[in-house]
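S.K.: Using the sequences plus the hints, can you model the full thing?
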Amino acid sequence: MMKYKILLFFFFTTFTISAKQIEVCETCTVKSIKEAIKIAETGDEIVVKKGIYKENNIIINKSISLIGEKGAVVDGEDTGGIIIFEADNFTIRGLKIINVGMSYTIDYAAIKVIKAKNFIIEDCILENVFFGLLIEKSKNGIIRNNRISGNRKSEASSGNGIHIWDGSEMEVYNNQLTGLRDGIYFEFVKQSVVFENNSHNNIRYGLHFMFSNNNIYHHNEFKNNGAGVAVMFSKFITMHHNTFKLNWGSASYGLLLKEIYDAEIYNNLFEENTIGINGEGCTRINYKNNTFLRNGWAIKIAGACYANIFEKNDFMHNSLDLSYNTKKNDNSFNNNYWSEYTGYDLDKNGIGDIPYRPVKLFSYIVNKTPEALVLLRSLFVDIINFSEKVSPVFTPDDLTDENPIMKKIND
Amino acid sequence: MLKILKYSFYDLMRSRWSYVYFLFYLLLGFVLLFLNNDVSKAVITLMNIIIVLTPLIGTIFGVMYYYNSTEFTELLLAQPINRNKIFMGQYIGISLSLTLSLVLGLGIPFMAYGLFKSSIIFDFSLLLVVGSFLNFIFVALAYNIALSTENKIKGFGYAILMWLFLAVIYDGIFLISLVFFNEYPLDKFSLIATMLNPIDLSRILILLKLDISALLGYTGAVFRKFFGTNIGMLFSMFVLVFWVILPILRMNFKLKKKDF
Numbered sequence: 000m001m002k003y004k005i006l007l008f009f010f011f012t013t014f015t016i017s018a019k020q021i022e023v024c025e026t027c028t029v030k031s032i033k034e035a036i037k038i039a040e041t042g043d044e045i046v047v048k049k050g051i052y053k054e055n056n057i058i059i060n061k062s063i064s065l066i067g068e069k070g071a072v073v074d075g076e077d078t079g080g081i082i083i084f085e086a087d088n089f090t091i092r093g094l095k096i097i098n099v100g101m102s103y104t105i106d107y108a109a110i111k112v113i114k115a116k117n118f119i120i121e122d123c124i125l126e127n128v129f130f131g132l133l134i135e136k137s138k139n140g141i142i143r144n145n146r147i148s149g150n151r152k153s154e155a156s157s158g159n160g161i162h163i164w165d166g167s168e169m170e171v172y173n174n175q176l177t178g179l180r181d182g183i184y185f186e187f188v189k190q191s192v193v194f195e196n197n198s199h200n201n202i203r204y205g206l207h208f209m210f211s212n213n214n215i216y217h218h219n220e221f222k223n224n225g226a227g228v229a230v231m232f233s234k235f236i237t238m239h240h241n242t243f244k245l246n247w248g249s250a251s252y253g254l255l256l257k258e259i260y261d262a263e264i265y266n267n268l269f270e271e272n273t274i275g276i277n278g279e280g281c282t283r284i285n286y287k288n289n290t291f292l293r294n295g296w297a298i299k300i301a302g303a304c305y306a307n308i309f310e311k312n313d314f315m316h317n318s319l320d321l322s323y324n325t326k327k328n329d330n331s332f333n334n335n336y337w338s339e340y341t342g343y344d345l346d347k348n349g350i351g352d353i354p355y356r357p358v359k360l361f362s363y364i365v366n367k368t369p370e371a372l373v374l375l376r377s378l379f380v381d382i383i384n385f386s387e388k389v390s391p392v393f394t395p396d397d398l399t400d401e402n403p404i405m406k407k408i409n410d
Numbered sequence: 000m001l002k003i004l005k006y007s008f009y010d011l012m013r014s015r016w017s018y019v020y021f022l023f024y025l026l027l028g029f030v031l032l033f034l035n036n037d038v039s040k041a042v043i044t045l046m047n048i049i050i051v052l053t054p055l056i057g058t059i060f061g062v063m064y065y066y067n068s069t070e071f072t073e074l075l076l077a078q079p080i081n082r083n084k085i086f087m088g089q090y091i092g093i094s095l096s097l098t099l100s101l102v103l104g105l106g107i108p109f110m111a112y113g114l115f116k117s118s119i120i121f122d123f124s125l126l127l128v129v130g131s132f133l134n135f136i137f138v139a140l141a142y143n144i145a146l147s148t149e150n151k152i153k154g155f156g157y158a159i160l161m162w163l164f165l166a167v168i169y170d171g172i173f174l175i176s177l178v179f180f181n182e183y184p185l186d187k188f189s190l191i192a193t194m195l196n197p198i199d200l201s202r203i204l205i206l207l208k209l210d211i212s213a214l215l216g217y218t219g220a221v222f223r224k225f226f227g228t229n230i231g232m233l234f235s236m237f238v239l240v241f242w243v244i245l246p247i248l249r250m251n252f253k254l255k256k257k258d259f
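So the sequences go chain by chain: A and B.
For what it's worth, numbering that gives the first Met the number 0 labels the leading residue of the first sequence as 0, then goes sequentially.
For what it's worth, numbering that gives the first Met the number 0 labels the leading residue of the second sequence as 0, then goes sequentially.
Just to be clear, a hint being listed does not mean it is correct.
[Unchecked claim] Here's a subset of chain B near chain A, in silico, CB distances under 7 Å, partners left out:
hint	residue
1	167
2	170
3	174
Just so you know, these hints were derived from the structure itself, not from any lab.
Every value quoted in this text rests on a predicted model; they were computed, and no experiment measured them.
Glycine included, each C-beta is placed from N, C-alpha and C at the ideal position.
M.R.: Dropping the structure here:
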């Protein structure tokens, strides 16, 4: 239905604005995309027919639509950037773009967008890219249903899937990103939404936010990335219904928060990450209804974290629930479910009668002496944890969940 | 030797304690699987129990059996049989019956819950192998203690102390030295310290297959590199075998000199 609507839309637009359609194919009069762009005018539509087009550095500075038919492939032959848009109101759809060149000095991208407004990038397949989409100083873009993949080996020689630098009001959804440095990278991006993307097996982060305020990301899945998801130096970010999974490695985490203020984190699932959430310098963040399942550390608070609220989260079967490196605590834990809770509920109101202490002595020791982790789950450690639980000496004594819930809260 | 082994084995198989031990594991297995719908979590709980309880039971059983069968052993010694063979027979008999209780007791419930279809089978078999090793090691250690101490009460005391040392105190000293020598590179030290205690070694072997592997890599790359590989695994197994052989050698050495 949607397809017909779009077709109908284009049918009308072609007639009403009297824009023409330029076909590109081997047997057509126009044989390359570059030629087509030369003759195109504002509002025209270039349809790339099936075939392999060995072109690169295609600069488009007109407001046109570039549509790829099934089987239309643009091969950059590893030499450099491929398509560069320097115009407003453009659309690119359905093209398959492969083999972007790699450089240590220039950011070559499959599709580069410079200073554009109101554009749509959709249904494109970008393979073996250095940078996938590189969008600079742009506004009001929609990036959807793209599949971007790279096969890079090291951080230095790889680029990002969707890289937006200095933008606002972007919509990034339903994209697949794999084998890149960062799946999605936002730097100085405002008022944007990232949702329903699947970012997995990237070398560094699944998603990376830097200096980007007032953004929302939800219903994304981040799986098996080198270090998980990083949100840094940003304010007013909302993250909900995301899945952070299997970010399992020596320096990995589900979610890294560094210098974050006023964020909302709710209904996310953190499963089997080395560290579920690693927080440094996080202030006024509300963690609600998240599930932490089988992580090494569910939450690691490194310092300078103030006025955070942890409420109604499920902490289930993590090796260590919480790690703190200070004795001071300014964060509140309330009404969470802890699978390690051993208290009772005599009045049957669903809330445990004795408070739960999420920081164990052992996690304190591991913070001081990381090698001590070798003793995880040994009887001696259980004994000292127990004695610390009874009378806290080393761990923050006001760090308790006064009302631990007896049953799992979230589905 | 085989005859004595067979005798001790059947003797123990008929005894009430073997059944109790077997039933305990059987019940434990079923209850754990019933309460935990997460099989890998059940393996961790089992590990906690196995690395503490198996050595304890092995130690007590070993000492108890030695002291209880002193008279019969003396009778045997009067016969023209090699001493080594008598004691080795007894030792293997006890270890085997304990191992059988462990393997069957835990194996049956896990089999009943369709373990063979799940991917956890490898972790679980490792658990059983390590448990069996611990049985053999601690029965051997217990026999050593019993052979060296005539006094029953003292023997029991030493045996329990040995268990307490290896299961708890050793880790305490280990932890304190780790914290104390914080400034030094501790990877190799902790590697060696783990090797020297069969309980720690068993724990690490199982944990590496379960939850610790990535956590360890966080700092101790050396550690992870060593235990994470197949060679590390093989070497650890070799150390466990060594832990069985060493007490047996001492036992035989002691036997040569001992005046019954």
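S.K.: Are the hints correct? Go through all of them and say.
M.R.: Verification of the hints:
1. Annotation: residue 167 of chain B was flagged as interfacial toward chain A, and the flag holds, the nearest CB pair being 5 Å apart, inside 7 Å.
2. The restraint placing residue 170 of chain B at the interface with chain A holds, with a minimum CB-CB distance near 4 Å, inside the 7 Å limit.
3. A hinted interface residue such as residue 174 of chain B counts as satisfied when its beta carbon comes closer than 7 Å to some beta carbon of chain A; here the least separation is about 6 Å, so the hint holds.
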